[in-house]
Amino acid sequence: MSLRSKLQEAWICLTAGRVTLPYPAEPRPTPETFRGRPIFDGNKCIGCGGCANNCPAREILLLDVCQEIRVLQYLGRRCTYCGRCAEVCPEQAITLSRDFETATPRIGDLRQRIELFMGSCQRCGRCFPEPTPLDRLKLKGYRFDDIEHEHWVFRSETYLPGAPVADDIAIELD
Amino acid sequence: MLKNLCQKLFGRSLWVYHANSGGCNGCDIEVLNVLTPYYDAERFGIKLVASPRHADVMLCQGPAMRSTAKALRRAYEAMPAPKLVFAIGSCACGGGVWFDTYTVLGPVERIIPVDFYIPGCPPRPEAIIYGVAVALGLVDPKVAPVQVRQLELPFPRYHPEDLQGEGPLVIYRKAQKV
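Those protein sequences? They're chains G and L, same order as listed. When you read off a place in the first sequence, starting at 1, and then add 1, the result is the number in the working numbering. When you read off a place in the second sequence, starting at 1, and then add 310, the result is the number in the working numbering.
Chain G on its own, in the form it takes in the complex (with noise of 0.2 Å):
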């Protein structure tokens, strides 16, 4: 009995063929509809913050340095890759590629970092703001992040800079 269920074993396992895929010597194509790496293309981003208000992860964030000047950074150390950025863009700036080999010692290394030339009117030199503050928080794309700080903050009348707006907790661990 025993002898022959080895033999039978032998038998199933020089049968069976090889099923582990070569991976690290062969790369391994994702299918066609894998949501990887998101990448921004600053050419045509019109920096409207569609993306920065519609990220769940809050991972795009806005900052208008000047007038003519807004930055927008993607910072991707929580980013689901849900897609939803890519959805909403207007321009089709920002498409997710398949690319998911972004291991790294350091999280920096995923952050994209657009400057953005920001029109303005032609006579006065300024932008168009909304009358009212209420208008103002309506408007899409009105956020005043805190860049350096990684902070998320919608510009309103509330906001107190220096403030924490949405900072994390202090932990405390004996």
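The set of hints was computed from the structure by calculation and includes no laboratory data. Here the structure is a predicted model, which means the values were calculated and not measured. Every residue, glycine too, gets a C-beta built ideally from N, C-alpha and C. Some clues are possibly wrong.
For the chain L half of the interface with chain G, some residues (derived, Cβ under 10 Å), not all of them [unchecked claim]:
1) 325
2) 373
3) 392
4) 407
5) 426
6) 439
7) 440
8) 444
9) 451
10) 459
Given the structure of chain G, go ahead and fit chain L onto it with the hints provided.
Chain L only, in chain G's frame:
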């Protein structure tokens, strides 16, 4: 330097300990996929062990949570000295989608030092194998920070006296009033 040190210290086989500190089990399933015959990780000497005292590498999944922070710290301290920590998934790398809720403290690097990050939600099994290859120094990491400027202009054209700082850190002092 870290690469050479890794190759020296972890030249043979890595025994991994798999710590989930409150994730959704998506990354757990991908890590277990790596150990299946399809992505046979034992050909690289990677073996899953049940105790942190036997392990060289800790695979962290899930964010640092208020309830599991102490246990995660104790598991890290129980590992013998040359140790690596991998943060697998968006939760471990950056805190996940619920990074600002009460129970979530943030990424696991708030509790324990993290050496390698494998982002993804969840990362593919190939991405995890790639991360291990990066850690062992077999391949170089592909990603690098990107910076694009649409236009170089002598900004601001209107009130240059209100500028503070230089270069990329320049701040327009009256930005609130614009």
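Results for each hint:
1. Nearest Cβ of chain G to the Cβ of residue 325 of chain L: about 19 Å, over the 10 Å cut. The hint is violated.
2. Annotation: interface hint on residue 373 of chain L holds; nearest CB of chain G at approximately 9 Å, less than 10 Å.
3. Annotation: residue 392 of chain L was flagged as interfacial toward chain G, and the flag is violated, the nearest CB pair being 16 Å apart, outside 10 Å.
4. Because the smallest distance between the Cβ of residue 407 of chain L and any Cβ of chain G comes to about 5 Å, under 10 Å, the interface hint for this residue holds.
5. At its closest, the beta carbon of residue 426 of chain L sits 5 Å from a beta carbon of chain G; the interface hint therefore holds under the 10 Å criterion.
6. For the restraint placing residue 439 of chain L at the interface with chain G, the shortest Cβ-Cβ distance is roughly 6 Å, inside the 10 Å limit, so the hint holds.
7. Against a cut-off of 10 Å between C-beta atoms, the interface hint on residue 440 of chain L holds, since the closest Cβ of chain G lies about 5 Å away.
8. Look at residue 444 of chain L: its Cβ gets to within about 5 Å of chain G, closer than 10 Å, so that hint holds up.
9. Interface hint status for residue 451 of chain L: upheld, as the beta-carbon distance to the closest one in chain G is roughly 4 Å, under 10 Å.
10. Evaluation of the residue 459 of chain L hint against chain G yields a held restraint, the C-beta minimum of about 5 Å falling below 10 Å.
Of the hints listed earlier, those the structure fails to meet are numbers 1, 3, in rising order.
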